[in-house]
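Visitor: Here the protein sequences line up with chains A and B, keeping their order.
So the first sequence is numbered by our numbering: it starts at 1 and just counts up by one.
So the second sequence is numbered by our numbering: it starts at 1 and just counts up by one.
Careful: at least some of the hints might be erroneous.
To be verified - Footprint (simulated), chain B over chain A, 3 or more residues, beta carbon under 8 Å:
no.: 1; stretch: 40-54
no.: 2; stretch: 63-76
no.: 3; stretch: 156-165
What the hints assert, rightly or not - With a cut-off of at most 27 Å between alpha-carbon atoms, the simulated BS3-like pairs for lysine-lysine come out as follows:
no.: 4; chain 1: B; residue 1: Lys53; chain 2: A; residue 2: Lys49
no.: 5; chain 1: B; residue 1: Lys128; chain 2: B; residue 2: Lys98
no.: 6; chain 1: A; residue 1: Lys49; chain 2: B; residue 2: Lys96
no.: 7; chain 1: B; residue 1: Lys86; chain 2: A; residue 2: Lys49
no.: 8; chain 1: B; residue 1: Lys53; chain 2: B; residue 2: Lys282
no.: 9; chain 1: B; residue 1: Lys264; chain 2: B; residue 2: Lys175
no.: 10; chain 1: B; residue 1: Lys202; chain 2: B; residue 2: Lys86
no.: 11; chain 1: B; residue 1: Lys103; chain 2: B; residue 2: Lys118
no.: 12; chain 1: B; residue 1: Lys122; chain 2: B; residue 2: Lys96
None of these hints come from the bench; they were simulated from the model.
Even glycine gets a Cβ: it sits at the ideal position worked out from N, Cα and C.
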Amino acid sequence: MSSRLPRTLPDLDRRNLAWFVDKGMQVFMFVGGISAIVLIIGIFVFITKEGLPFITGSMDFAEFFTSPNWRPTSEENPTYGALALIAGTASVTGLAMLVAVPFSLGAAIFIAEFATGRTRETLKILVEMLAAIPSVVWGFIGLSLMNPLIIDTFDVPVGLNILNAGIILGLMAAPIMTTIAEDALKAVPDTYREAAEAMGATRWQIVWRVVLPASRNGLVAAVLLGVGRGFGETMAVLMASGHSINMPGGIFDSVRAVTATIAAELGETVQGSDHYRALFTLGMLLFLVTFVINLTADLVVRGIRKK
Amino acid sequence: MTRNIVVKVLCVALLGLLAACGSKRGDRTLIQNKGSDTLVNVAQAWAEAYAKKKPGVAVAVTGGGSGTGIAALINGTVDIANASRKMKQKEIDLAKSKGIEPKEWVVGYDALAVYIHKDNPKNQYTLKELADIYGDGGPTTSWNDLGVKIPGCGSAEIVRFSRQNNSGTYAYFRKTVLGKGDFKLGSMDLHGSKDVVDAVEKTPCAIGYSGLAYATEHVQLADVARDANGPYVTPTVNSAVDGSYPIARPLLMYTNGEPTGATKEYLDWILSAEGQAIIKRKGYAPVK
Chain A
1 MSSRLPRTLP DLDRRNLAWF VDKGMQVFMF VGGISAIVLI IGIFVFITKE
51 GLPFITGSMD FAEFFTSPNW RPTSEENPTY GALALIAGTA SVTGLAMLVA
101 VPFSLGAAIF IAEFATGRTR ETLKILVEML AAIPSVVWGF IGLSLMNPLI
151 IDTFDVPVGL NILNAGIILG LMAAPIMTTI AEDALKAVPD TYREAAEAMG
201 ATRWQIVWRV VLPASRNGLV AAVLLGVGRG FGETMAVLMA SGHSINMPGG
251 IFDSVRAVTA TIAAELGETV QGSDHYRALF TLGMLLFLVT FVINLTADLV
301 VRGIRKK
Chain B
1 MTRNIVVKVL CVALLGLLAA CGSKRGDRTL IQNKGSDTLV NVAQAWAEAY
51 AKKKPGVAVA VTGGGSGTGI AALINGTVDI ANASRKMKQK EIDLAKSKGI
101 EPKEWVVGYD ALAVYIHKDN PKNQYTLKEL ADIYGDGGPT TSWNDLGVKI
151 PGCGSAEIVR FSRQNNSGTY AYFRKTVLGK GDFKLGSMDL HGSKDVVDAV
201 EKTPCAIGYS GLAYATEHVQ LADVARDANG PYVTPTVNSA VDGSYPIARP
251 LLMYTNGEPT GATKEYLDWI LSAEGQAIIK RKGYAPVK
């Protein structure tokens with residue numbers, strides 16, 4: 001018995017507190033690391049499980065994608081046409097990008113290339129603070145500030161429309177786009193700028209001819225992430241867009257977004273009904289679109305790294 | 001040093017909070033009450049008055065729409081569902097398939113008022129005119145079609161405010177005004193009774209419908225007639241009770257089967273003179 005003890009002692013000796021902490025932390029970090037993957041797969045499986053019976057059952061594909069008639073609670077003849085909802089989301093996101101792209105790229109170029117010292121630090125902090133404003137607060141701004149403003153300025157009957165939601169969404173997407181675009185600009189090596197300067201280029205020529213082309217992929221990724229943000233935003237769009245089923249014909253038309261429809265109706269449907277499943281089908285659509293957008297953005301960013 | 005003190009204070013506060021929660025949960029009965037936005041104000045008033053009368057019973061009231069309440073009853077998550085429309089046969093069948101036996105209680109009556117901007121000169125509508133404005137295929141889209149000129153409404157477009165499609169108000173208005181028809185698409189589907197009144201107040205071109213109890217002095221209530229010959233009736237508590245106002249409806253509560261214990265006592269109290277006085281004070285018509 002006593003002769004065996006010395007053989008096992010060195011093994012035991014290694015398993016001190018530090019060893020356990022090390023192992024424990026390894027497991028903890030591993031769980032943290034794969035949790036994103038597990039969660040995203042879990043969410044996808046859940047959404048698909050709830051939505052699939054509708055897709056394989058009573059869904060009419062042609063109606064879903066080509067009809068604007070979203071009447072899920074009709075007594076006589078419920079119809080599930082999502083075209084107006086998709087067009088609503090697309091039009092609001094499109095206008096939001098028109099607002100956000102010039103603003104955020106301008107801000108990113110200014111912060112990365114022109115501003116120095118304290119101005120630059122202050123601006124960076126302010127842009128990040130802008131990203132922290134809750135979306136319901138943006139919605140309030142759309143509802144109570146922009147609505148009367150649009151009515152008065154353009155003499156239209158209601159101010160809850162594409163213009164309102166687009167501006168609000170553009171301002172919401174701008175900070176994240178600015179931050180990512182600025183990172184992309186900063187990733188361009190200073191040697192490029194120095195070379196251009198040595199050849200007598202002005203600062204604008206450096207930005208336009210050298211820095212922007214060199215950081216193109218990163219900027220595209222920034223815009224795509226902004227689009228993803230716009231697509232997925234719910235509360236602000238629900239409040240500012242008018243929540244009205246309409247095929248948009250102009251920026252003063254009220255529309256309804258896919259996300260807003262899910263938010264407004266899901267809490268009130270009976271689990272397992274066609275309406276409930278149709279809303280999950282809309283969720284699958286959103287999930288796929290944002291997934292493709294984010295994947296594209298990711299691939300584009302990888303594109304720069306490989307070069 | 002200061003950090004230490006802060007941590008200690010937080011710990012003590014947390015412990016105190018836990019103790020407080022624990023003791024409360026022990027000796028209080030909780031009644032979950034959810035549903036109609038039309039009823040949510042009066043349900044809240046009932047709950048508050050009842051809490052004073054019976055401190056041992058807490059009634060948790062949530063709104064969200066009749067559909068929400070009925071769905072919650074079917075899913076078995078509430079004791080009482082509030083509804084401003086009757087349960088559909090489909091919903092009753094679904095409830096029964098899940099072992100829930102919905103029992104209906106009429107707790108009051110509500111006039112569904114048609115709201116228009118205070119500058120709108122046309123304050124009398126027949127049901128047919130409303131159907132032409134709101135119904136799918138209805139020809140009226142402009143105030144010019146009705147020969148109405150509203151100051152501040154340059155385009156003369158009728159801006160229709162409606163409710164989200166699971167609202168009891170939405171379902172009742174559709175049934176009473178549009179019959180078997182559907183709503184015309186393109187209305188602003190707002191998410192609460194009060195929102196409709198607020199929106200109409202701020203929009204000169206607007207027309208909207210909402211419970212009478214949400215009326216304010218900043219909007220106009222339209223008189224409604226069954227047909228062109230019939231009398232135009234102003235929505236009031238009295239015209240809702242005597243049936244002369246065409247768009248009045250019962251306000252309902254649903255329980256799972258015959259209620260027992262605290263839920264039964266609560267419903268009995270709501271239907272008593274004391275409970276009915278509260279619903280009348282909130283602008284609805286009492287049952288008796």
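Visitor: Please go over all the hints and tell whether each is borne out by the structure.
Guide: Hint by hint, here is what the structure shows:
Only residues whose beta carbon comes within less than 8 Å of a beta carbon in chain B count, and the stretch 40-54 of chain A has 0; fewer than three means the coverage is violated. Figure legend: the stretch 63-76 of chain A, annotated as covered by chain B; annotation consistent (9 residues with Cβ-Cβ distances under 8 Å, at least 3 required). With 4 residues bearing a CB less than 8 Å from a CB of chain B, the stretch 156-165 of chain A meets the requirement of three and the coverage assertion stands. With a CA separation close to 47 Å, the supplied pair Lys53(B) and Lys49(A) exceeds the 27 Å bound.
For the hint pairing Lys128(B) with Lys98(B), the CA-to-CA distance comes to about 40 Å; that exceeds 27 Å, so the pair is violated. This hinted pair checks out: Lys49(A) and Lys96(B) have alpha carbons roughly 24 Å apart, not beyond 27 Å. At roughly 31 Å between alpha-carbon atoms, Lys86(B) and Lys49(A) are farther apart than 27 Å, so this suggested pair is violated. As the CA atoms of Lys53(B) and Lys282(B) are separated by approximately 19 Å, the hinted pair is consistent with the 27 Å bound.
About 31 Å separates the Cα atoms of Lys264(B) and Lys175(B), which puts this hinted pair outside 27 Å; it is violated. Proximity of Lys202(B) to Lys86(B) is assessed by CA-CA distance (about 32 Å); at most 27 Å being required, the pair is judged violated. Using a Cα cut-off of 27 Å, the hinted pair Lys103(B) and Lys118(B) is violated, with the two alpha carbons roughly 41 Å apart. Of the pairs offered as hints, the one joining Lys122(B) and Lys96(B) is violated, with about 47 Å between alpha carbons and a cut-off of 27 Å exceeded.
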